[in-house]
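Asks: Sequence:
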Amino acid sequence: MTPLAREQRYGIIAFLGTAAIMLAGLVLFSHYPAIFNRGREYHAVFHTVAGLNVGDEVRYGGLLVGSVTTLDLYEKDPTRIIVTFRVQRKTPVRTDTRASITQVGFLGAPYLNLTPGRSDAPVLAAGGEVPASDQMNFQDALSQLASFFERADTLLNVAERVARASPLDRIDRTLDQVERLVTNANASSERIFTQLDAATSELEGVMTRTDRLIARLDTASRTAGPQLASTQKEAIATLREMRTLASDLRDAINQGGGADEMIRNLASTADNLNRLTARIERDPTSILRPRELPKKTVGPKIRD
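-14 is the number of the first residue of the sequence shown in my numbering; add one for each residue after it.
In case anyone wonders, no lab produced these hints; they're calculated from the structure.
Hints may be right or wrong, so weigh each one.
[What the hints assert, rightly or not] Quick list of simulated restraints, FRET-style, between CB atoms:
hint: 1; residue 1: 81; residue 2: 149; range: 41 to 49 Å
hint: 2; residue 1: 170; residue 2: 129; range: 45 to 53 Å
hint: 3; residue 1: 120; residue 2: 64; range: 17 to 25 Å
hint: 4; residue 1: 39; residue 2: 129; range: 22 to 30 Å
hint: 5; residue 1: 46; residue 2: -1; range: 42 to 50 Å
hint: 6; residue 1: 130; residue 2: -2; range: 54 to 62 Å
hint: 7; residue 1: 130; residue 2: 165; range: 44 to 52 Å
[Unchecked claim] Below, computed lysine to aspartate or glutamate pairings styled on DMTMM-like, alpha-carbon distance capped at 20 Å:
hint: 8; residue 1: 75; residue 2: 114
hint: 9; residue 1: 75; residue 2: 119
hint: 10; residue 1: 61; residue 2: 114
hint: 11; residue 1: 61; residue 2: 119
hint: 12; residue 1: 75; residue 2: 42
hint: 13; residue 1: 75; residue 2: 105
We put the CB at the ideal spot given by N, CA and C, even for glycine.
Using the sequences and the accompanying hints, generate a full structural model.
Replies: Following this line, the structure appears as structure tokens:
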């Protein structure tokens, strides 16, 4: 092989090697830009990443500043996903910066968006956690729209069944029943008011008779007061007379004499009781009227 041919072969090999290295560098840069980026690394935790992949863009207020380096399950809460990303050193990531996953338009590729905070907020140290805010993406919107259409279809089916069941006829029947109930209630109310009027009239009559009865009782109490006092005195005198009579009978029994006198006194007492009984039967109120005391044949005199 001539020296010229050998040089040409070496030149071709060098060209192909350089092209392969450049191609590999371009591929690595396109898929793993963090390899060539020596910026600061942060992480954020989301409930869902919705199509975000390693190598996707990280934008700060819409400006491309970095890329996503890793996606993994969060160790403290496996139901969430931790997203690690790297941004340029000049990116002002602060403690009030918020991270969210969004996309350009409806069909654009998703990316990690950093929303700036206050300019006077403290700078977040490298390796810190950026607070995340879950936002609705296009897929979530489609899912909710499908759920809405499903509910709307169910509602329309129910409305169709209600329309087939003739709801107006049911409403008419219900109104007729309500009208009958109102009519019956009015009739019952009229009967109740009539009965209340009659009961009120009877109550007024009872109150009038009660007033008259109370007035009569007051008059009888004032009239019979003295007579009751006189009757009480007569009862006391009769008890004393019976006590005296019992004493005389005891003395007569002890002395063994006066049997004839005792028999006459007993006969007189029986006659007096008979007359008193007949008097009460003829006129029960006669005991309230004062009368003369009966004459006493034996024993001491009765004091008034």
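Asks: State for each hint whether it applies.
Replies: So, going through the hints one by one against the coordinates:
1. 81 <-> 149: 41 to 49 Å: 59 Å, violated
2. 170 <-> 129: 45 to 53 Å: 51 Å, holds
3. 120 <-> 64: 17 to 25 Å: 18 Å, holds
4. 39 <-> 129: 22 to 30 Å: At roughly 28 Å between Cβ atoms, residue 129 and residue 39 fall inside 22 to 30 Å, so the hint holds.
5. 46 <-> -1: 42 to 50 Å: Holds: the Cβ-Cβ distance is about 45 Å, inside 42 to 50 Å.
6. 130 <-> -2: 54 to 62 Å: Given about 59 Å between the Cβ atoms, the range holds.
7. 130 <-> 165: 44 to 52 Å: For residue 130 and residue 165 the Cβ distance comes to about 49 Å; the hint holds.
8. 75 <-> 114: 18 Å, holds
9. 75 <-> 119: Violated, because 26 Å separates the two Cα atoms, which is more than 20 Å.
10. 61 <-> 114: 14 Å, holds
11. 61 <-> 119: 18 Å, holds
12. 75 <-> 42: 16 Å, holds
13. 75 <-> 105: Judged against 20 Å, a Cα distance of about 16 Å means the pair holds.
In the structure shown, a violation is registered for the earlier hints numbered 1, 9, in ascending order.
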